Amino acid sequence: MSVAAGASDAIVPSQARADGHSSAWAALAFPAVLIVVGALVIPVLVMVLLSFVDSSGSISLANYWLLISDPSLPTVIETTVSIALWCTLLCILLGTPVAYLLSELPQRVAGLLLIAVLLPFWTSLLVRTYAMLLLLQRRGLVNETLQSVGLTTEPLQLAHNMTGTVIAMTQIMLPYFILPLYVSFRRIDRGMMNAAAGLGATPVRVFWTITLPQARSGLLAGGFLVFVLCFGFYVTPAILGGGRVIMMAQAINTYLGLYPNWGAAGALATVLFLCTLLTLGFMRLCMVYLTRKRTSSRA
Amino acid sequence: MSGVQHVDVPLSAGGVEITARDLGKRYGGVSALCETTLDIPAGEFLTLLGPSGSGKTTLLMILAGFTRPDSGELFFGDQPVHRLPPHKRNVGMVFQNYALFSHMTVAENIAYPLRIRGVGRADCQRRVAEVLSLVHLEGFEDRQIRQLSGGQAQRVALARATVFKPKILLMDEPLSALDKKLRDQMQVEIRRIHNALGVTTIYVTHDQREALTMSDRIAVLNRGAIQQLGTPNEIYTSPKTAFVADFIGGSNILPLARNGDGVTFADQDILACNSLPDAEPLYLVARPEKLLFASSGEPTLDANRFSATVTNISFEGDSYAVTAALTNGREVTVRCTTTIGALPKQGEMVTLELARQDALIVRGDT
Chain L
0 MSVAAGASDA IVPSQARADG HSSAWAALAF PAVLIVVGAL VIPVLVMVLL
50 SFVDSSGSIS LANYWLLISD PSLPTVIETT VSIALWCTLL CILLGTPVAY
100 LLSELPQRVA GLLLIAVLLP FWTSLLVRTY AMLLLLQRRG LVNETLQSVG
150 LTTEPLQLAH NMTGTVIAMT QIMLPYFILP LYVSFRRIDR GMMNAAAGLG
200 ATPVRVFWTI TLPQARSGLL AGGFLVFVLC FGFYVTPAIL GGGRVIMMAQ
250 AINTYLGLYP NWGAAGALAT VLFLCTLLTL GFMRLCMVYL TRKRTSSRA
Chain V
0 MSGVQHVDVP LSAGGVEITA RDLGKRYGGV SALCETTLDI PAGEFLTLLG
50 PSGSGKTTLL MILAGFTRPD SGELFFGDQP VHRLPPHKRN VGMVFQNYAL
100 FSHMTVAENI AYPLRIRGVG RADCQRRVAE VLSLVHLEGF EDRQIRQLSG
150 GQAQRVALAR ATVFKPKILL MDEPLSALDK KLRDQMQVEI RRIHNALGVT
200 TIYVTHDQRE ALTMSDRIAV LNRGAIQQLG TPNEIYTSPK TAFVADFIGG
250 SNILPLARNG DGVTFADQDI LACNSLPDAE PLYLVARPEK LLFASSGEPT
300 LDANRFSATV TNISFEGDSY AVTAALTNGR EVTVRCTTTI GALPKQGEMV
350 TLELARQDAL IVRGDT
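Residue numbers (numbering that gives the first Met the number 0), protein chains in the order written: chain L, 0 to 298; chain V, 0 to 365.
By construction, these hints were calculated from the structure, which means they are not laboratory data. Any given hint could turn out to be false.
[Unchecked claim] Which residues of chain V face chain L? A few of them, derived with a C-beta cut under 7 Å, are:
no., residue
1, P85
2, F94
3, N96
4, Y111
5, I115
Please read these numbers as outputs of a predicted model, since none were measured by experiment. Idealized CB from N, CA, C, for every residue including glycine.
Excised from the complex, chain V in its bound form:
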C-alpha cells in the first residue's frame, strides 16, 4: 500500500542533489512557471525569492509533488520523481501556516512520519526527544498544539519535517507569520539546523533580507522565470536585470539610451564598471548607499556626476534617506549615514556622485 520502505532511516544526515529539467506549469492560458532548469547540489541551502505570483511557490509545490508539472523532468539524486505522488517522495516540508495536526500532541505530531515508516514506539520516543532538543523545545512532548506560541509552533513544524531524516527539506515562507524579532532569531535557527543535518534545503520567501541572510544561493524569480541564480553576494553586487537590482536591496534604476558604443542618461555619458550587455533596454543601477553628495571643488575624474534638487529627507534611525530630483525630473534615493558632515536641506541644489566602480549597467526584465 505504501511506497515508503519500512526501514529505520539512518541517523546520519545528508542531502541529495536535485535536478530539474524544463519544468513548466500553466494554469489556463497563463504560465505559472516557464520551462525551468535548475541544478541544486546536495546539502545546499537554496532560496527561491520573488514577489507573489512569481512562480516560486509553484516550483516548490512541483518539488513536493502537490503540483504536477505540464512538462519537464525532476530527479532527486538519480531517481526520477516527477511522476511520484507526494507521499512517495520522502521530503520534509514546512508549510506557511505550519499545518500541525491539532488533534495530536507535540510528540504525536513529530512522531507521525516515524510511525508511518514503521519505527517502533521506543525508538520514536527517543528520536522525538532528540529532535526536540535540536529545536530547543526539550520537554514539550505532551503540549497541545493550541498551547504553542507562533515561534514554538514553527519549531515543532521544523522538527516534524526533519525527524525522519529526509534528504530534502522544503520550506514555504515559514517565517512570514512571525514578528520581526522572532523572525531574525528563527533565521539563525533554521540555518543552524540545516548545517547540523546537511539536508538539501529549498526555502521560499518574498523577503529579500531573509534570502540574503540565510542562503548559499538565491534564485530570483519573476513572472514564472528564474531571473538570476547566484550567491547572495553575486545577486546583490552584480544583478543581471533591472528587476533583480530593484528587488534585492532596492536601487535607483535609471533608463539609459544607447549612443554608439556608450550609453547616456539625460544626454550625459555614463561611466560604468561593466561592459554593456547585449540587450535592450538598458538601465543604470545606482545603489542608494553608493550615491554620494559631491563636495564642492575637486571633480572626480572617474565618476558620474548628476545635478539634483533635494525634495525630501527622512530619518531612518541608522541613516537618512534623501530623495532628490534629477534635472530630467526623475527622483533618486540617496542613503547617507547619520554622521554625515553637511546634510543638505530640502530644496537645496546638490551634485550627486556615482563612482565608476559602483555604476552597474543591466538589461531589462526577461
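One chain only, chain L, in its complex shape:
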C-alpha cells in the first residue's frame, strides 16, 4: 500500500493549501495518518529493528550474514528483478497502445472502456490467479484452442514456470500502467499534435516526437508503479510458478518457517524494502531530470 501511495503522490504532486484552511484539513487527515503510522510505519520499524537481533537476543548483523551465506538467495533476487522487468516491459508494450487509443476516443466511450480496464480490480487476486491457471495450464483453454486450430501440435508450457507467472502478473498489473498513462495522454494539447502534422510529421512521427514525450511523466509513473508492485508479489508466483519460481516475498515466508525467530525474515524484508525505496528514489530522480530546466540545446 505504501508503494502505491508513494507512486500516486508522484503522479499528482500534493499541493499545499495556502488559504488558511490547512489546520482544518490536518485535523481531518489525522485519523488516516494515525492508521498509517500505527499499522505501517511502526511495524516496518519493528521489522527493521528485529532484523538486527540474533537468535540469542543480542544485537548483531548475524541475520544479514545468514542472507549473504544463503546460496539460493541470489537466484531469488535475480528471479524477482527479472520478473519485475519483464512485466514492466510487457505492460509498456501492451498498455501504451490501449492508453493511447482510449485517449483518442470520445470521452463517453473512453469512460465505458476504462471501466472494462478497471473491472479486474473488483475481483479477488486469488480468483484471478486461479482463473489464469485454468487458462494457461497444460490442458487449459489457451492450449486446447491453439491445438484445435492447428497452430501448435504439442501443448505449450504456459503454467508452472516463469512464463506463466509473467503472463498472469502482467495481466494483473496492466490497469496500474494504463491509468496514469491514459491521464497523461488526455492532458496533451491536441493543438500540438495538429501543429506537428501541419509541419509535415506523419502520424507515426507525431506519436514518437510529440505525444510520447509529452506523456513521459505518465509513462514513467506507470512503469515504476508496475516495477515496484511486482517486487512484492506472493500469490501469483506461488500458484502459477509451480514451486519453481521463487520471488522474494515467498523467500521471506520460507525463512519464517525455517528459522525460530523473525530476524532472518526481517532482514530479507528489509532488503526488499530498501530495493523498493531505491527504485522510488530513482523514479524521483528521473522525474526531476525530465522536468528541470535544460540549459543545453539539443537541436
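Start from chain L and add chain V according to the hints.
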C-alpha cells in the same frame, strides 16, 4: 512513409496560388461552409474576416487539411490537395494558442519541420538562426517555451511556420491572445515577414481593424458564406451588403422602402451615390463620420437631411460619439471631431446631413 520529399527546400521564398472550387462542409444538418469558390493569387495576403461561427475557421482548416470538405476541390498551384492529409500539404500554420512544443527548446521547435524534411544538423542550426533574426529573436535558441512572453511565443510560432519556406502560410487568429499594444506591433511584423518571404498568406481574424490594416484583400464571411471579397478600401468604402457595412467600421444601417424608381426612409426620398441594387430588402449605409450636424440656414441641395434629437454624447478621446433619435425613433450614431465648433447638447433638436456621395444603398444579407 512520408509524403514529404527529402529535399533541401530552397531559400528563395515565394508563394503559390490557391484555387478553391465549391468547397462546402456540413456538420449534422448545419452548413458550416456553403459551397465556396475562391481564387487567391500567389503571394497575396488574404484575410478571412467574420464573427465566430461565420465559417472562416472551417475554411482555414479545410485549407490546412484538418477538416475534410464534403464537396469541392482545392488546388495549390496545379496540384489537387483536397484529398491530401495535413502532413503532405507543405503549408506553414500558426495556431491561435501557438501550439509550441513545450518539451522542446525554441531552437528545437523551429528546427522540427526541418528535421522532418531531412535537413542536416548544421544546416538546421544556420536556418534557425536566420529565421530567429527575421522575427527579431536573435540568441533565443536555448530558451524554454514556458520562459517566453506572449509576443515572443507568437514570434517563435511564426518562425517555426516559415523556416521550411512553405509556399502557403495559414494563420488562425494569431494575435487574439495578445494585448492591444503588442497586437498593433505584431500586425506590422507579420506584414513585414509576409513581404520578405512573398508567401501566400491566409489570415483568419474577427478583428476588422486588423483585417483592414494588414490585408491585400479581405473576404468577409457570415453564416458560412463569403459576403464580399475585395481590397480593404473597397470593403470599407463600398460594402455590398448591410452585414459587411455594419461589420467593417460600424455603420448606421437604415431600412429603406422602395417607392417607384427611388427609395424612401421615413417617407423621405433618399439621394444616394449608387444605383439601386436589384434585391430586397434595401438599406441605407451612413458612416458615423459622414453624418454632419447641418448648420442653420443654407440647405445643401445634394444632401439628405434628417431631423433628430440628441439622446447621448460620449467622449472617446479623439472624437465624440453622439447618439441621436430620428423622427421615427430609430437611433443613429454621429462621430465628430473634438474640435467641432458647436457640440449639440443632450435633448437638443438637430438636423443631420448626409451628402449624396456618402449615402450608399446596399442589399440585405445573403
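Status of each hint after checking the structure:
no. : hint : verdict
1   : P85  : holds, 4 Å
2   : F94  : holds, 5 Å
3   : N96  : holds, 6 Å
4   : Y111 : holds, 6 Å
5   : I115 : holds, 5 Å
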